[in-house]
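K.L.:
Based on the provided sequences and hints, a complete structural model is requested.
Start counting at 1 in the sequence shown, then tack on 77, and there's your number in our numbering.
It cannot be assumed that every hint is accurate.
Okay, derived cross-link-like pairs now, EDC-like style, lysine to aspartate or glutamate, Cα gap no bigger than 20 Å in a straight line [unchecked claim]:
{"no.": "1", "residue 1": "Lys159", "residue 2": "Glu170"}
{"no.": "2", "residue 1": "Lys178", "residue 2": "Glu189"}
{"no.": "3", "residue 1": "Lys152", "residue 2": "Glu163"}
{"no.": "4", "residue 1": "Lys171", "residue 2": "Glu181"}
{"no.": "5", "residue 1": "Lys133", "residue 2": "Glu122"}
{"no.": "6", "residue 1": "Lys109", "residue 2": "Glu99"}
{"no.": "7", "residue 1": "Lys143", "residue 2": "Asp155"}
{"no.": "8", "residue 1": "Lys152", "residue 2": "Glu140"}
{"no.": "9", "residue 1": "Lys95", "residue 2": "Asp84"}
{"no.": "10", "residue 1": "Lys109", "residue 2": "Glu98"}
{"no.": "11", "residue 1": "Lys100", "residue 2": "Glu110"}
{"no.": "12", "residue 1": "Lys152", "residue 2": "Glu164"}
{"no.": "13", "residue 1": "Lys119", "residue 2": "Glu107"}
{"no.": "14", "residue 1": "Lys160", "residue 2": "Glu148"}
{"no.": "15", "residue 1": "Lys141", "residue 2": "Glu153"}
{"no.": "16", "residue 1": "Lys144", "residue 2": "Glu134"}
{"no.": "17", "residue 1": "Lys95", "residue 2": "Glu107"}
{"no.": "18", "residue 1": "Lys111", "residue 2": "Glu123"}
{"no.": "19", "residue 1": "Lys152", "residue 2": "Glu162"}
{"no.": "20", "residue 1": "Lys149", "residue 2": "Glu137"}
{"no.": "21", "residue 1": "Lys143", "residue 2": "Glu153"}
{"no.": "22", "residue 1": "Lys111", "residue 2": "Glu122"}
{"no.": "23", "residue 1": "Lys151", "residue 2": "Glu162"}
{"no.": "24", "residue 1": "Lys193", "residue 2": "Glu181"}
{"no.": "25", "residue 1": "Lys133", "residue 2": "Glu145"}
{"no.": "26", "residue 1": "Lys133", "residue 2": "Glu123"}
{"no.": "27", "residue 1": "Lys159", "residue 2": "Glu148"}
{"no.": "28", "residue 1": "Lys130", "residue 2": "Glu140"}
{"no.": "29", "residue 1": "Lys144", "residue 2": "Asp155"}
{"no.": "30", "residue 1": "Lys149", "residue 2": "Glu138"}
{"no.": "31", "residue 1": "Lys111", "residue 2": "Glu99"}
{"no.": "32", "residue 1": "Lys85", "residue 2": "Glu96"}
{"no.": "33", "residue 1": "Lys160", "residue 2": "Glu170"}
{"no.": "34", "residue 1": "Lys119", "residue 2": "Glu129"}
{"no.": "35", "residue 1": "Lys151", "residue 2": "Glu140"}
{"no.": "36", "residue 1": "Lys141", "residue 2": "Glu129"}
{"no.": "37", "residue 1": "Lys151", "residue 2": "Glu163"}
The following label-pair restraints were derived from C-beta to C-beta distances [said to hold, decoys possible]:
{"no.": "38", "residue 1": "Ala172", "residue 2": "Glu148", "range": "28 to 38 Å"}
{"no.": "39", "residue 1": "Leu91", "residue 2": "Val117", "range": "31 to 41 Å"}
{"no.": "40", "residue 1": "Lys95", "residue 2": "Gln126", "range": "40 to 50 Å"}
No wet-lab data here; the hints were simulated from the structure. Note that the structure is predicted; figures quoted are calculated from it, not measured. Here a beta-carbon is modelled for each residue, glycine too, at the ideal position from N, C-alpha and C.
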Amino acid sequence: MEKETHDKEAFRALQSIKEAEEKARDIIREAKEKTSSEIVQKAHEEADQIREKFMKEAREEAEKRKKELIEKAKKEMDMIRKKSEEEESLLREKAESVMSKAVERVRDKLKEFLEKEAV
Numbered sequence: 078m079e080k081e082t083h084d085k086e087a088f089r090a091l092q093s094i095k096e097a098e099e100k101a102r103d104i105i106r107e108a109k110e111k112t113s114s115e116i117v118q119k120a121h122e123e124a125d126q127i128r129e130k131f132m133k134e135a136r137e138e139a140e141k142r143k144k145e146l147i148e149k150a151k152k153e154m155d156m157i158r159k160k161s162e163e164e165e166s167l168l169r170e171k172a173e174s175v176m177s178k179a180v181e182r183v184r185d186k187l188k189e190f191l192e193k194e195a196v
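P.N.:
Below, the structure is given as structure tokens:
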């Protein structure tokens with residue numbers, strides 16, 4: 078009977094050990110799953126941060142280039158405007174010179190015509 082009690086206690090001890098091992102395996106599996114999901118979540122967060130950082134840098138670079146292009150376009154526009162104004166001024170001077178000569182010719186012709194008519 079003592080042996081039977083001893084066997085029962087040993088059996089119970091084995092069952093307790095098996096249950097403890099099963100619980101330990103469950104805890105380890107849950108910890109791995111939790112750790113894996115945490116690692117994946119952290120990886121996603123880091124990827125989002127990296128993506129956002131590069132997007133911010135890209136936006137800043139694009140804004141910088143946009144400003145540079147606008148400034149370059151303004152300078153070119155100012156140069157074109159200045160050149161156009163200079164050309165306009167030259168054309169006005171030429172036109173005034175040609176007009177005054179044309180006016181003189183017309184005046185001379187009218188004078189001639191009027192003198193012939195008066196005679």
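K.L.:
Could you run down the list of hints and mark each one as holding or not?
P.N.:
The hints, checked one at a time:
| no. | hint | in the structure |
| --- | --- | --- |
| 1 | Lys159 / Glu170 | holds, 17 Å |
| 2 | Lys178 / Glu189 | holds, 16 Å |
| 3 | Lys152 / Glu163 | holds, 16 Å |
| 4 | Lys171 / Glu181 | holds, 15 Å |
| 5 | Lys133 / Glu122 | holds, 16 Å |
| 6 | Lys109 / Glu99 | holds, 15 Å |
| 7 | Lys143 / Asp155 | holds, 18 Å |
| 8 | Lys152 / Glu140 | holds, 18 Å |
| 9 | Lys95 / Asp84 | holds, 16 Å |
| 10 | Lys109 / Glu98 | holds, 16 Å |
| 11 | Lys100 / Glu110 | holds, 15 Å |
| 12 | Lys152 / Glu164 | holds, 18 Å |
| 13 | Lys119 / Glu107 | holds, 18 Å |
| 14 | Lys160 / Glu148 | holds, 18 Å |
| 15 | Lys141 / Glu153 | holds, 18 Å |
| 16 | Lys144 / Glu134 | holds, 15 Å |
| 17 | Lys95 / Glu107 | holds, 18 Å |
| 18 | Lys111 / Glu123 | holds, 18 Å |
| 19 | Lys152 / Glu162 | holds, 15 Å |
| 20 | Lys149 / Glu137 | holds, 18 Å |
| 21 | Lys143 / Glu153 | holds, 15 Å |
| 22 | Lys111 / Glu122 | holds, 16 Å |
| 23 | Lys151 / Glu162 | holds, 16 Å |
| 24 | Lys193 / Glu181 | holds, 18 Å |
| 25 | Lys133 / Glu145 | holds, 18 Å |
| 26 | Lys133 / Glu123 | holds, 15 Å |
| 27 | Lys159 / Glu148 | holds, 16 Å |
| 28 | Lys130 / Glu140 | holds, 15 Å |
| 29 | Lys144 / Asp155 | holds, 16 Å |
| 30 | Lys149 / Glu138 | holds, 16 Å |
| 31 | Lys111 / Glu99 | holds, 18 Å |
| 32 | Lys85 / Glu96 | holds, 16 Å |
| 33 | Lys160 / Glu170 | holds, 15 Å |
| 34 | Lys119 / Glu129 | holds, 15 Å |
| 35 | Lys151 / Glu140 | holds, 16 Å |
| 36 | Lys141 / Glu129 | holds, 18 Å |
| 37 | Lys151 / Glu163 | holds, 18 Å |
| 38 | Ala172 / Glu148: 28 to 38 Å | holds, 36 Å |
| 39 | Leu91 / Val117: 31 to 41 Å | holds, 38 Å |
| 40 | Lys95 / Gln126: 40 to 50 Å | holds, 46 Å |
Hint compliance for this structure: every hint is met.
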